[in-house]
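Engineer: Each chain is listed here by its residues.
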Amino acid sequence: MGLSLEQLTGWLAGVDEFWIQLAATIVKFIVVLLISLHVPPLMVWAERRIPALMQRRKGPNRVGIFRFRLFGLMQPLADTIKLIFKEEVVPDTAHKFFFHLAPVFVIFPALLVITAVPFGHPVTLGGYIFPMSVTRVDVGFLFVLAISSIAVYGISLAGWASNNKYSLLGGLRASAQMISYEIPLGMSLIPIVLIYGTLDLNEIVMQQQNVWGVFLAPISFVLFVVCMFAETNRAPFDMAEGESEIVAGYLTEYGTFKFSAFFLGEYVGMFTLSCLAATFFFGGWQIPFVSYETLVQISGSSLVASLIGMMVLLVKAAFFMWLYIWVRWTLPRFRYDQLMSLGWKFLLPLALANVVITAAVLVALQASRL
Amino acid sequence: MEQQAMNPYLPVLIFLVFGFIFGCIVSALSWLIGPRKYNKSKHEIYECGVPMVTSAREKNSVKFYLTAILFILFDIETVFLFLWAKSFNKLGWFGFVEVIVFIVILVVGYVYVVKRGALEWD
Amino acid sequence: MAEVIVFYSIASLLVFCSIMVVTRKNPIASAIYLVGALFLVAAVFAFLGADFVAAIQVLVYAGAIMVLFLFVIMLLNIDPELLKSPPMTAGEAAVLILTILSFIVISVTVFKGQLVAPVGELTTQEIAKNGGNTAVIGLALFMKYVWPFELASFLILLAIVASVVIAKKDKKKLTGDQADAERNMVGDLR
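Just so you know, the sequences run in chain order A, B and C. Take any residue in the first sequence, note its place counting from 1, add 22, and you have its number in the numbering used here. Take any residue in the second sequence, note its place counting from 1, add 1, and you have its number in the numbering used here. Take any residue in the third sequence, note its place counting from 1, add 14, and you have its number in the numbering used here.
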């Protein structure tokens with residue numbers, strides 16, 4: 023090949039930084055998209071195998087390709103293919119436009135939020151610094167919360183567009199549940215901002231090098247995990263899709279791939295929140311007792327060290343995903359009024375008290391240091 | 002050529018559009034690919050197998066309105082708290098007392114809401 | 015160059031959504047287009063570098079207030095058939111034409127560059143030097159504008175009390191079957 027490395031870097035040095043950053047962002051987005059789109063099939067499989075193990079039976083293990091059964095990992099693939107090719111039945115009296123639009127509002131917030139999660143230390147390649155999150159916004163926190171509140175529309179639209187009173191009621195209740203738990207979710211993150219003094223997610227991870235967030239703000243962690251379960255409509259808060267309650271709630275009239283589109287959105291949302299929990303409380307991509315510089319020295323390259331960080335973050339997120347499944351198959355479902363009472367009457371005052379106490383402690387520390 | 006840094010919100014815009022289009026494709030996939038055989042009873046609204054008793058266009062309870070409006074108000078409070086938390090280091094005691102006053106006033110409102118029973122039965 | 019393209023595409027989409035809001039017969043369609051319009055307004059804010067305001071716009075306006083609107087529309091559940099409006103009267107047509115004319119006048123004035131606001135001291139570089147949008151707004155709010163901030167909390171308290179008073183009937187006066195009936199009664203904002 024006539025193009026040597028020196029010629030390539032010489033040409034690259036002349037290109038605007040804008041285009042290089044844009045190209046890097048697109049590469050990052052493709053990687054993140056592929057990772058987050060592979061999570062739902064894995065979760066579907068885990069959702070059936072892990073409870074099987076917990077209940078002393080085997081889960082699905084028959085589906086295979088060319089005799090490779092792979093512990094039933096082909097099952098989600100078979101399910102997806104079947105669902106795509108089935109006939110989609112749209113009720114006659116439903117509102118066609120919103121019926122088709124509702125799953126979109128569930129999928130795209132989850133995909134957008136995951137662009138703010140830092141997957142590793144910023145990589146230095148050829149004189150440019152590439153942050154390892156797809157977008158690096160200064161108001162990272164608020165961006166995350168803002169986009170999560172868009173997901174409420176998908177569910178209420180789905181319930182309403184079906185023109186089915188059970189769907190409407192289920193959709194309204196699920197939306198009311200989601201918005202009720204968004205307040206403790208936001209408030210539980212305020213002590214994190216107080217402690218680390220920044221809204222940028224990359225900064226928060228970098229400051230957790232010595233002590234993880236969970237030790238500095240344990241009540242916040244507990245609050246966040248509880249609200250995490252409620253936001254994604256997962257057990258024990260899954261009244262909305264309660265299988266024995268109002269049929270399937272807001273999903274009643276949805277079949278085939280739209281049905282799995284809702285679950286796609288839900289699982290990607292779970293993955294996103296798991297990554298966020300790992301980022302705020304468990305040090306993100308930091309390996310305990312190993313600093314980034316050590317990693318660079320060991321691996322010899324900034325990029326490899328950051329990719330190791332990414333693997334670490336994925337392991338931590340996987341822990342939270344396993345926690346989701348474990349809790350779902352262990353705890354019984356809450357009644358709806360119990361659920362709302364918990365959110366408004368217990369978690370909200372607790373979150374406020376948490377903020378006040380953390381602030382008081384920090385101000386006292388500040389004053390004593392002066 | 003001058004070095005022009007990328008506006009950090011440009012990727013957000015790109016991926017917003019992409020996420021939306023991706024969602025639309027996912028939503029339309031089975032509608033486009035699956036078979037389509039029209040049958041009147043298939044396309045009726047599901048009500049446990051019996052014909053629909055009442056239409057879905059009935060009025061619902063007012064509890065949802067209360068929940069939504071309380072959500073807005075406490076969301077605004079959360080926004081103010083985020084603002085304070087970011088500049089917390091520079092504000093010290095003065096800011097802390099200010100925010101305590103703010104929170105106390107809102108706690109009064111919250112206690113009123115709980116006492117009035119506006120958060121029951123939802 | 016790219017900035018111009020991005021801005022005009024966001025702006026034209028915003029105008030489209032706004033027109034859709036006022037012309038739809040179905041109130042839910044109007045609400046959803048309004049959500050889109052508010053989201054695009056946030057995009058314009060972000061484009062101008064006001065990232066905090068953009069995030070807050072999505073969080074509070076498009077994410078909370080519009081949810082309230084949507085809930086209320088779904089609560090009321092009005093049959094769209096009843097919402098058909100009569101044809102436009104002469105007065106309404108006159109107002110419409112006046113609006114379009116004033117829009118044209120304003121756009122021409124803006125395009126000619128005759129409506130210029132003076133640039134204040136808070137340029138993008140100044141803000142970045144002082145720690146970004148959130149820090150600057152926070153410091154200003156808590157140091158210079160303390161009293162408006164506390165008044166805002168009173169305003170929120172007022173809103174809480176007012177909404178509960180409007181939506182919640184006094185339960186003490188009802189007993190037994192009547193209480194059950196009242197509790198199950200629907201949608202009556204007395």
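Keep in mind that the hints were calculated from the coordinates and are not lab data. Mixed in with the good hints, there may be bad ones.
Which stretches of chain C does chain A cover? Using the computed rule of at least three CB atoms under 8 Å from a CB of chain A, they are [what the hints assert, rightly or not]:
(1) 37-51
(2) 69-78
(3) 100-114
The structure displayed is predicted, hence computed values, not measured ones. For each residue, glycine too, the CB sits at the ideal point set by N, CA and C.
Engineer: Next step is simple, just say for each hint if it's right about the structure.
Structural biologist: Status of each hint after checking the structure:
With a cut-off of 8 Å between beta carbons, the region 37-51 of chain C has 5 residues touching chain A; three or more are needed, and the interface restraint holds. Note: the region 69-78 of chain C has 7 residues with beta-carbon separation from chain A under 8 Å; the three-residue rule is met and the coverage holds. With a threshold of 8 Å between beta carbons, the proposed coverage of the region 100-114 of chain C by chain A is violated, since 0 of its residues qualify and at least three are required.
Hint check: a violation occurs at hint 3 only; the rest are consistent with the structure.
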